[in-house]
Amino acid sequence: MSNPFEDLLNDINQKKLNEMVFAFQQTAEMMMILKNAFIEAGFTEEQSMEFALETYMHNLREASK
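If you use our numbering, the sequence shown corresponds to residues 85 to 149, in order.
It should be emphasised that the hints constitute simulated quantities derived from the structure, not laboratory data. Hints are supplied without guarantee of correctness; some may be wrong.
[Said to hold, decoys possible] Cut-off 30 Å, straight-line C-alpha distance, at most; resulting in silico cross-link-like pairs (DSBU-like, lysine-lysine): (1) 149 with 100; (2) 119 with 149; (3) 149 with 99; (4) 100 with 119.
[Unchecked claim] Distance windows between CB atoms, simulated: (5) 116 with 89: 19 to 29 Å; (6) 100 with 137: 24 to 34 Å; (7) 88 with 111: 29 to 39 Å; (8) 101 with 139: 19 to 29 Å; (9) 89 with 126: 53 to 63 Å; (10) 127 with 88: 52 to 62 Å; (11) 110 with 145: 10 to 20 Å.
Glycine residues also receive a C-beta, built at the ideal position from the N, C-alpha and C atoms.
Sequences are here, hints too, so could you generate the full structure?
Right under this line is the structure:
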């Protein structure tokens, strides 16, 4: 027979993991949108990835203030 508290903890951990995976997917999509926007503006793919990463890191720093 399973422990109800252990089951609850497992459910909570699974929910947190699912939320983290979703956030990672959203981040990846945002990075691709930014990269494509920079490419359309005339930058190289390498420059675009660098700018997208810098933009993302800037937003993280601002959000953590």
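Comparing the hints with the structure gives:
Pair hint residue 149 plus residue 100 holds up; C-alpha atoms about 23 Å apart against a cutoff of 30 Å. Restraint check for residue 119 and residue 149: the C-alpha separation of about 25 Å stays at or below 30 Å, so the hint holds. Restraint check: the Cα-Cα separation between residue 149 and residue 99 comes to about 26 Å, which is no more than 30 Å; the hinted pair holds. For the proposed pair residue 100 and residue 119, the alpha carbon gap of about 28 Å is at most 30 Å, so the pair holds.
Checking the proposed 19 to 29 Å range against residue 116 and residue 89 shows it is violated: the Cβ atoms sit about 41 Å from each other. For the pair residue 100 and residue 137, the beta carbons lie near 26 Å from each other, so the given range of 24 to 34 Å is met. For residue 88 and residue 111, the hinted distance range of 29 to 39 Å is satisfied, since their beta carbons lie about 35 Å from each other. About 27 Å separates the C-beta atoms of residue 101 and residue 139, a value consistent with the hinted range of 19 to 29 Å.
For residue 89 and residue 126, the hinted distance range of 53 to 63 Å is satisfied, since their beta carbons lie about 58 Å from each other. Checked against the given bound of 52 to 62 Å, the beta carbons of residue 127 and residue 88, roughly 55 Å apart, stay inside it. Taken as a hint, the range 10 to 20 Å holds for the pair residue 110 and residue 145, whose Cβ atoms sit roughly 18 Å apart.
Of the numbered hints given earlier, the model fails hint 5 alone.
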